[in-house]
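> These are the residues of each chain, in order.
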Amino acid sequence: MSMAFNPARWKPAALLPHEQAHDGALVFVVAVLCFLACATAIFAISADRAAQGWANQLQGSATVIIRTKGSESPDMAASRAAEALAGTPGVAQALVLERAKAEALLEPWLGNDGIVQDLPVPRLVTVELAPSAPASAATLDRALKAAGVDATVDDHSLWMKDIIHAGQIARIAAVSLFALMALAAAAVIAFATRAGLSARHDVVEIMHLTGATDGFIANLFQTRFAAMAALAGLLGGGAAALLAAGIRLLGGGYGLIPVLPIDWLDLLVALPSPLIAGLVAAIAARVTALGLIRAMP
Amino acid sequence: MIELANRDQTDTIVRFDGVGLRYGRSPETLQDLSFELKAGSFHFLTGPSGAGKSSLLKLIYLAHRPSRGRIELFGQDIGRAKRKDLPFLRRRIGVVFQEMHLLEHLTVFDNVALPMRLAGQKPATYRSDIAELLQWVGLGHKMHAMPETLSGGERQRLAIARAVVARPDIILADEPTGNLDHEMGQRILKLFTELNRLGTTVLIASHDLDLVARSGMPAFNIESGRLTSPYGDAIEDDPADDLGRVASGEPEFIYRRPLTLSQEDSLEDNGP
Numbered sequence: 001m002s003m004a005f006n007p008a009r010w011k012p013a014a015l016l017p018h019e020q021a022h023d024g025a026l027v028f029v030v031a032v033l034c035f036l037a038c039a040t041a042i043f044a045i046s047a048d049r050a051a052q053g054w055a056n057q058l059q060g061s062a063t064v065i066i067r068t069k070g071s072e073s074p075d076m077a078a079s080r081a082a083e084a085l086a087g088t089p090g091v092a093q094a095l096v097l098e099r100a101k102a103e104a105l106l107e108p109w110l111g112n113d114g115i116v117q118d119l120p121v122p123r124l125v126t127v128e129l130a131p132s133a134p135a136s137a138a139t140l141d142r143a144l145k146a147a148g149v150d151a152t153v154d155d156h157s158l159w160m161k162d163i164i165h166a167g168q169i170a171r172i173a174a175v176s177l178f179a180l181m182a183l184a185a186a187a188v189i190a191f192a193t194r195a196g197l198s199a200r201h202d203v204v205e206i207m208h209l210t211g212a213t214d215g216f217i218a219n220l221f222q223t224r225f226a227a228m229a230a231l232a233g234l235l236g237g238g239a240a241a242l243l244a245a246g247i248r249l250l251g252g253g254y255g256l257i258p259v260l261p262i263d264w265l266d267l268l269v270a271l272p273s274p275l276i277a278g279l280v281a282a283i284a285a286r287v288t289a290l291g292l293i294r295a296m297p
Numbered sequence: 298m299i300e301l302a303n304r305d306q307t308d309t310i311v312r313f314d315g316v317g318l319r320y321g322r323s324p325e326t327l328q329d330l331s332f333e334l335k336a337g338s339f340h341f342l343t344g345p346s347g348a349g350k351s352s353l354l355k356l357i358y359l360a361h362r363p364s365r366g367r368i369e370l371f372g373q374d375i376g377r378a379k380r381k382d383l384p385f386l387r388r389r390i391g392v393v394f395q396e397m398h399l400l401e402h403l404t405v406f407d408n409v410a411l412p413m414r415l416a417g418q419k420p421a422t423y424r425s426d427i428a429e430l431l432q433w434v435g436l437g438h439k440m441h442a443m444p445e446t447l448s449g450g451e452r453q454r455l456a457i458a459r460a461v462v463a464r465p466d467i468i469l470a471d472e473p474t475g476n477l478d479h480e481m482g483q484r485i486l487k488l489f490t491e492l493n494r495l496g497t498t499v500l501i502a503s504h505d506l507d508l509v510a511r512s513g514m515p516a517f518n519i520e521s522g523r524l525t526s527p528y529g530d531a532i533e534d535d536p537a538d539d540l541g542r543v544a545s546g547e548p549e550f551i552y553r554r555p556l557t558l559s560q561e562d563s564l565e566d567n568g569p
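Same order as they appear, the protein sequences are chains C and U. Numbered by this note's numbering, the letters in the first sequence go through residues 1 to 297 in order. Numbered by this note's numbering, the letters in the second sequence go through residues 298 to 569 in order.
Treat the hints with care, since some could be wrong.
To be verified - Just so you have them, the derived chain C footprint on chain U, three or more residues with Cβ under 8 angstroms:
(1) 318–327
(2) 331–337
(3) 347–361
(4) 410–418
As the list claims (entries may be wrong) - In silico SDA-like cross-links for lysine to any residue, where the CA-CA straight-line distance does not exceed 20 angstroms:
(5) LYS381/U <-> PRO363/U
(6) LYS379/U <-> GLY215/C
(7) LYS11/C <-> ARG424/U
(8) LYS379/U <-> ALA295/C
(9) LYS487/U <-> VAL499/U
(10) LYS419/U <-> PHE216/C
(11) LYS487/U <-> MET397/U
(12) LYS161/C <-> ILE172/C
(13) LYS381/U <-> PHE216/C
(14) LYS11/C <-> GLY475/U
(15) LYS161/C <-> ALA173/C
(16) LYS419/U <-> ALA295/C
It is worth saying that the hints were derived from the structure and are not from the lab. In this text, a Cβ means the ideal position worked out from N, Cα and C, and glycines have one as well.
Please construct the entire structure, taking both the sequences and the accompanying hints into account.
Here's what the structure looks like:
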């Protein structure tokens, strides 16, 4: 057996002993954090896209509520309003919403058992604005007044504010969650580094007393934990990408959850997960290790 | 100042000046230590268990900082040395720890290679040297073995090989024969003597007065944290007498019994 050892072919072994149990648990925890962070990022992008879509839809249209006056029928007033609006600059199209469609809009609140038919449902005109230079609500209002139509213009600005606000909240929440998970990952790595230094204190002490620089020892821990975190990032990011891909595949064009339309490109968010996890781990491990090593004489 | 020197040494490797060491708030473990070790000297540090031998060695190999006083290593004031310079001082010191402190997850070869790796040397530059050293200490047939499979004597020689592989300027050994039988103790002593002949300064802490006597090498004694003569008197009590003789190159604290190693003594182990 001893004859098998050839010093000329000797390669230096890893100076830090592997501790499979601890290392495996750490990879699992960091992988879960990376999964949550990547999933959060993907869904945040998706939510942002949904908010943008809704905002664009609302920004490109307006609704006019017609009130009749005198002996003019609602249909007549609506037709005149649509005619006046169609000729207004910044309006691409103005159409009278059929009564049946207007009643259908109320069905979710009032049901379809005939109550709607008994109500004085106002006539609506839907206006599609020109994308390049959309007309403002004031312009539409002036056009209606000029045509002698009593109407209220709803440019959806009230809804727009809410949707834009919701989109901002989604973005802030996503960034906050992402930062929180990165911090949690860093804290876990720091804790693991402390535990690792404690468990391998004898090894660290020998290296320290044998002439290892603080940076050399810190590098060992930094490299070890960065590699583990990168693996965890790969696993966690990969799992998040698989989940998103599954949702996208199962749900067709708008995904399983229509309110969160996932695009294939969104999955690229998980790509830097190993790099970011490795970087966070490297910094956390280095700072922690240096702090502990410098406590030694 | 006690000058602990053999006849031909002039450069000071270690200088203690009024050094004290205290662990936490406990009473001082070491008190008012003042001495010098000259380059190429060979000394024993004797004293009963708990007297402070290990603590004194720890101060020299920079495992502790003194609570007071001044320590110079290789002419450099440790108290003023920058932290980044300390590793380079440590690399000039070979330590045989009392508990050996082998890295159990590394092979014999990797354990010995540790100081070279920490010094940033490339494997190609020291592989053959380590193989040769391991042959010399009788571990040539166990280069790939793990420390846990070695006998007490083999572990001791492995610790010594690791301490000397980088050719340090000074070797500190803390009870290197403490767990060894008489024969193995003699072999280890012979190894240190050989290294000293090659110019390495050697300081061995031992409570084995018989071993010290057999070596014929000078010794200084420590009791209750203070340097004393082998007869139990504090050195500081009578500087004109003991110190003068030590400083003149005629060590007082020398056990005159000659070193008696048989011709058959070899560093090669005949088995665990």
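> Please go over all the hints and tell whether each is borne out by the structure.
Hints and how they fare:
1. 318–327: Violated, because only 0 residues of the segment 318–327 of chain U bring their Cβ atoms closer than 8 angstroms to Cβ atoms of chain C.
2. 331–337: violated (count 0)
3. 347–361: Result for this restraint: holds, n = 4.
4. 410–418: It holds: at least three residues are needed, and the segment 410–418 of chain U offers 6 whose Cβ sits within less than 8 angstroms of chain C.
5. LYS381/U <-> PRO363/U: Roughly 18 angstroms between the alpha carbons, so the hint for LYS381/U and PRO363/U holds.
6. LYS379/U <-> GLY215/C: Between LYS379/U and GLY215/C the Cα gap is close to 15 angstroms, so the pair holds against 20 angstroms.
7. LYS11/C <-> ARG424/U: holds (9 angstroms)
8. LYS379/U <-> ALA295/C: holds (15 angstroms)
9. LYS487/U <-> VAL499/U: At roughly 12 angstroms apart (the allowed maximum being 20 angstroms), VAL499/U and LYS487/U satisfy the hint.
10. LYS419/U <-> PHE216/C: holds (15 angstroms)
11. LYS487/U <-> MET397/U: holds (19 angstroms)
12. LYS161/C <-> ILE172/C: Status holds; Cα separation ~16 angstroms.
13. LYS381/U <-> PHE216/C: Since the Cα atoms of LYS381/U and PHE216/C sit roughly 11 angstroms apart, the hinted pair holds (cutoff 20 angstroms).
14. LYS11/C <-> GLY475/U: violated (33 angstroms)
15. LYS161/C <-> ALA173/C: holds (18 angstroms)
16. LYS419/U <-> ALA295/C: violated (30 angstroms)
Checked against the numbered hints given earlier, the structure breaks hints 1, 2, 14, 16 and satisfies all the rest.
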